[in-house]
Each structure stands twice: as structure tokens, then as C-alpha cells.
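Undergrad: In order, the protein sequences belong to chains A and B.
Heads up, the first sequence is in this note's numbering, so the first residue is 1 and it goes up one at a time.
Heads up, the second sequence is in this note's numbering, so the first residue is 1 and it goes up one at a time.
It should be emphasised that the hints constitute simulated quantities derived from the structure, not laboratory data.
C-beta atoms are modelled at their ideal positions from N, C-alpha and C, and glycine is treated no differently.
Don't take every hint at face value.
Unchecked claim - Across the chosen pairs, the derived CB separations fall in these ranges:
#, chain 1, residue 1, chain 2, residue 2, range
1, B, 105, A, 64, 27 to 35 Å
2, A, 107, B, 77, 26 to 34 Å
3, A, 43, B, 58, 52 to 60 Å
4, B, 114, A, 108, 35 to 43 Å
5, A, 116, B, 84, 28 to 36 Å
6, B, 105, A, 58, 30 to 38 Å
7, A, 79, B, 38, 41 to 49 Å
8, A, 103, B, 13, 27 to 35 Å
9, B, 72, A, 43, 43 to 51 Å
10, A, 115, B, 86, 27 to 35 Å
11, A, 70, B, 13, 40 to 48 Å
12, A, 120, B, 131, 52 to 60 Å
13, A, 120, B, 118, 17 to 25 Å
14, B, 37, A, 64, 47 to 55 Å
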Amino acid sequence: MELIGYPLRLDETFAALADPTRRAILARLASGQASVMELAQPFAMTQPAISKHLKVLERAGLISRSRDAQRRPCRLEARPLAEADAYLQGYRRFWDASFQRLDGLLDEIKTRDAKRKKRQRRKP
Amino acid sequence: MNTPGALQVTTPSEREIAMTRVFDAPRELVFDAWTRPELIRRWMLGPPGWSMPVCEVDLRVGGTYRFVWRSPEGKDMGMGGVYREIMPPERIVTTEAFDEDWTGGETLNTLVLTEQGGRTTLTNTVLYSSREARDGALKTGMEQGVAASYDRLAELLASAPR
Numbered sequence: 001m002e003l004i005g006y007p008l009r010l011d012e013t014f015a016a017l018a019d020p021t022r023r024a025i026l027a028r029l030a031s032g033q034a035s036v037m038e039l040a041q042p043f044a045m046t047q048p049a050i051s052k053h054l055k056v057l058e059r060a061g062l063i064s065r066s067r068d069a070q071r072r073p074c075r076l077e078a079r080p081l082a083e084a085d086a087y088l089q090g091y092r093r094f095w096d097a098s099f100q101r102l103d104g105l106l107d108e109i110k111t112r113d114a115k116r117k118k119r120q121r122r123k124p
Numbered sequence: 001m002n003t004p005g006a007l008q009v010t011t012p013s014e015r016e017i018a019m020t021r022v023f024d025a026p027r028e029l030v031f032d033a034w035t036r037p038e039l040i041r042r043w044m045l046g047p048p049g050w051s052m053p054v055c056e057v058d059l060r061v062g063g064t065y066r067f068v069w070r071s072p073e074g075k076d077m078g079m080g081g082v083y084r085e086i087m088p089p090e091r092i093v094t095t096e097a098f099d100e101d102w103t104g105g106e107t108l109n110t111l112v113l114t115e116q117g118g119r120t121t122l123t124n125t126v127l128y129s130s131r132e133a134r135d136g137a138l139k140t141g142m143e144q145g146v147a148a149s150y151d152r153l154a155e156l157l158a159s160a161p162r
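Work out the full structure, taking the sequences as your base and the hints as a guide.
TA: Here it is as C-alpha cells:
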């Protein structure tokens, strides 16, 4: 996969994703492009408030807005989201699997130590 | 917060990645499992099918460690570093560098173990040399997991509140 020169903006991506309204906007855009007015509708929010969220998403590269059309519809850009998710997934997968194994090992050591203590107590 | 099982991965600053996990065991045991090679090899293996042909630990300040993992396809991934601080059973600071340098130079890793009511909270924070270095590591993660991630992307979007 050729990625050299591609601007990674993971800090902005993570920051943008931290907000539930912005995640909801992305979810809405996953089913097709929409105007600011259409996006504002399901939320109890003014258009300027929604526009603020859209600016954050746009800066993070998560959405794009067409320049030419009058209503400037927003479109989802999936790539930065996939980048942020992919890394944390790879990292998480490695450690999650390892730590689950460690849970078992710790149980085994605890049981062994308990048995040893019991044996030692029995000795005079 | 003090619930065993759930792994939390966060990005506390633009140069760091941190993970937190709770274990139902005293921290002496967790410390041993993290530092004794015969124990490390039994769990620090990643996804099913991976093995750990090299696991060498010289546990003293200035001492080195080296780990090599082998994927089910037979590809090796090696890394190692130096112990900078060792405070059993609560804290270890190490440097870490991968053979295929995808982290933009070495990282500084701080492991902290705290114990409460017989349970241990493990926090491991990886500090990269720069934001670019961390993002470089993120990029490698992406190359490895991109196919699965596009599936996950759909799930993530579907689970977002509407």
C-alpha cells in the first residue's frame, strides 16, 4: 500500500471523533451526502452550531464539502477514520489476546501459590 | 474503572499512546509475568497462532531485553531495548525499538502497576520521539490491518448515536 506523502492527521481525527454529535453526523453521512440544513434537522441545534462541528470534521479530513453547489453538501471521507481505527485495532488485538492469556496464567500462579502455602502450613 | 478484562487504549498527548488493563491478581504477580522470560513467553504472544522464539531479559538498570515474535506465516518481528528504571513491583521504564523501524527511532515505555483490593491496574505509556514518529507507527498499524479495519469502519458508523 503506497502511503508516502499522505498527510496523516490522527490527532485531529481522534479529537474530532471524541464528540458524540460529530460521530452522529458521520453516521448520517455514511448513508449519503447532505446539506447543513439536513444535518441540523435531527439535532436540537442551530445551523451555526452544526457548522462549527462540520469545520472540525473538515479540518480532520473526515468530510469534504463541495465548493460549487449553492447548498454545499457534505460528504464523508472514510480514509482518516479507517487509519485511526486500523492502528488502534492492530495494537488492541495484540494486547487484548495477550492479556487474556495473562489472566489465565495469573490464575494458575495464584492457585499454585495457595496450594504451596497450605502444604507449608501443614508441616510442623 | 476497577473491572478486570476491558482494555483501554488512549492517546493522552500527541506523542503518546497509553493502554490500561485491570488484572484480578496482586501486582507482584503481574510484575513477575512482565519481567520473567519463562512467564513472558506464556502470554505475550499476540493473536492466536503467533509464537515467541526469542525472549531474553537482563533485568537490571542498563540491562537489555530482546523479543522476537513469529507470525503463523513464518514472518519474524523483533524488538528490544534497555531497562532504564526498575522498581519492583510498581514501575519499569524501558527504551524500545523495533528491528523494522516503524516507530521513528526508539520509544520510552513506562509501565505502572497499582494495586487495590487484590486487583492490579496496569498502565503502559509509550512516548514517541515526535508526533511524526507516532503517526509513522500508526501508519504501519494501518498497513497491517487495513482490510479488517474497513469492515470495522462500517460497524463503527452503524453504532454511532443517531
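Undergrad: Hint by hint, note whether the structure agrees.
TA: Verification of the hints:
no., hint, in the structure
1, B:105 with A:64: 27 to 35 Å, "holds (34 Å)"
2, A:107 with B:77: 26 to 34 Å, "holds (28 Å)"
3, A:43 with B:58: 52 to 60 Å, "holds (57 Å)"
4, B:114 with A:108: 35 to 43 Å, "violated (23 Å)"
5, A:116 with B:84: 28 to 36 Å, "holds (34 Å)"
6, B:105 with A:58: 30 to 38 Å, "holds (32 Å)"
7, A:79 with B:38: 41 to 49 Å, "holds (44 Å)"
8, A:103 with B:13: 27 to 35 Å, "holds (29 Å)"
9, B:72 with A:43: 43 to 51 Å, "holds (46 Å)"
10, A:115 with B:86: 27 to 35 Å, "holds (30 Å)"
11, A:70 with B:13: 40 to 48 Å, "holds (42 Å)"
12, A:120 with B:131: 52 to 60 Å, "holds (54 Å)"
13, A:120 with B:118: 17 to 25 Å, "holds (21 Å)"
14, B:37 with A:64: 47 to 55 Å, "holds (51 Å)"
Violation of the numbered hints given earlier is confined to hint 4; every other hint is satisfied by the structure.
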